[in-house]
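*Asks:* Sequence:
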Amino acid sequence: MPHPLAPHLPDAGDPNALVEGVWPASAERVDGALRVGGVDVREVASTHGTPFLLVDETVVRDRARRIREAFEAAFAESAGGSGVDVYYAGKALLTADVARWMRDEGLRIDVCTGGELAIALRAGIAPELIGFHGNNKSPAEIEAGVTAGIGTFIVDAPIEAERISAAAERAGRVQRVRLRISVGVHASTHEFLATSHEDQKFGIPIAEAPAVVARIRELPGLELVGLHTHIGSQIFDHAGFAESARRMLALHAELSGEAPLPELNLGGGFGIAYTAADTPEPIEGIAARVADAVRGAAGELGIAVPRIAIEPGRWIVGPAGVTVYTVGTVKPVQLADGARTYVAVDGGMSDNARPALYGAQYSARLANRASDAEPTLARVAGHHCESGDIVVDAEWLPADVAPGDLLAVAATGAYCHSLASNYNATPRPPVLAVRDGAVRELIRRESIDDVLSRDAGLVQAPADTARDDDETTGAASA
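In our numbering, the protein residues as written are 1 to 478.
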């Protein structure tokens, strides 16, 4: 029977169990302790401190290869398709090493800011393998992308086409572009994650697309190679993607009549399991059903299947990551509907903003030991000065959870490091990679000195200011 304080939470079961599909494929308990990628997280904590984000490189690579192969098979030429390009959505987690993993596994890179573009380029990613998103690319970002020779810009507003054209003219090159379309499919997801309904900031409504396409085709220095859409994030089944594909194919057919339009980017948003209650459809099934929808729509319209692109991010890196914290305080709270135990850890909304932003749910387990204690309903809280600083809203943990325990939170590979902040002047934790039992840093831990280094009032403070402070302190003491 569901607990009245957490009706969405499955029955307690074994609070030590690592639910398959939620935890990394390499996660296991050995002598009670959590191991990821063959490494005991207690050893990682001893060497690197807590909190830390540990990403299993092998899991990331395996999932990148799996989704690429699933869509390549679904859209193979032998099945009536013209091939597929898979772009890794860098906003999920982008470091130099992650970008190189994606390249090695045959993926391209999708960026949406000048900073992400710089990471990809400095990591050695060939510019032609990069796509540049964003609803408000600055002139400087556009100039940087054009100058670097990136493969594709996704045009999000008519004025962007004008700016990209001008930059391409200055660079003396032709820039490939796609036009982002708000296709009107409402994904079953959080309102802020649904990115293709009418009342939002992304893309061009279908009805306005012909006029914008006509203008793009008039502008010098631009080559319109296709359309793009993205219906949302954390979507568990194929239905929304299939309907979006059908609508996009109809627009594609209409706009292809005047000039070739060889590509169609259907975006990303494929969901993952964060808790035992989540049941995403296997990616192979989604790929097959989307391909069926595309082939069916193309057949009805009498057009060839265009080259398809997709943009997975979370699906690749989310399940590969685990964040490990140290428990600081344990506080039982008696409420009218029962008891809840607040377990406070040494991180929080500064390293995982998703619960505060979207009400996202996560799973947690003791990482340094197993326990025979009865399960108790717990809420994992962060250390920030905010009542909304909750890492895991509700979880069954052993009743003997205590200060000093290590607590691991699963499926944190996506959007945790990317959204991290210095709230309350908190240094951001490191991102570590594990492969074949060896751990290395992808992103080093910030120090307090790093955080303070941008405060102009603390850097090279004038000598007279320091003297005035000393005199004030002395006067107060006297």
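If you are wondering where the hints come from, they were derived from the structure by calculation, not from laboratory data. No experiment lies behind these values; they were computed from the predicted model shown. Where hints are given, some of them may not hold.
What the hints assert, rightly or not - Derived CB-CB ranges, DEER-like:
(1) Ala-207 <-> Ser-421: 47 to 53 Å
(2) Asp-292 <-> Ala-214: 29 to 35 Å
(3) Gly-328 <-> Glu-43: 20 to 26 Å
(4) Ala-17 <-> Glu-43: 32 to 38 Å
(5) Ile-448 <-> Ser-82: 29 to 35 Å
(6) Glu-300 <-> Tyr-423: 26 to 32 Å
Backbone N, C-alpha and C fix where the C-beta goes; we use that ideal spot for every residue, glycine too.
*Asks:* Should the hint that Asp-292 and Ala-214 are 29 to 35 Å apart at their CB atoms be regarded as holding?
*Replies:* Because 32 Å falls inside the window, the suggested range holds.
*Asks:* Given the hint of 32 to 38 Å, is the C-beta distance from Ala-17 to Glu-43 inside that range or not?
*Replies:* 22 Å, violated
*Asks:* Assuming the hint says 47 to 53 Å, is it satisfied by the Cβ distance from Ala-207 to Ser-421 or not?
*Replies:* Distance hint for Ala-207, Ser-421 is violated at roughly 39 Å.
*Asks:* Could one say that the CB atoms of Glu-300 and Tyr-423 fall in the range 26 to 32 Å?
*Replies:* 52 Å, violated
*Asks:* Regarding Gly-328 and Glu-43, is the given constraint of 20 to 26 Å on their beta-carbon distance met?
*Replies:* Holds, at about 21 Å.
*Asks:* Lying within 29 to 35 Å: is that true of the beta-carbon distance Ile-448 to Ser-82?
*Replies:* 54 Å, violated
When held up to the earlier numbered hints, the structure conflicts with 1, 4, 5 and 6 and fits the remainder.
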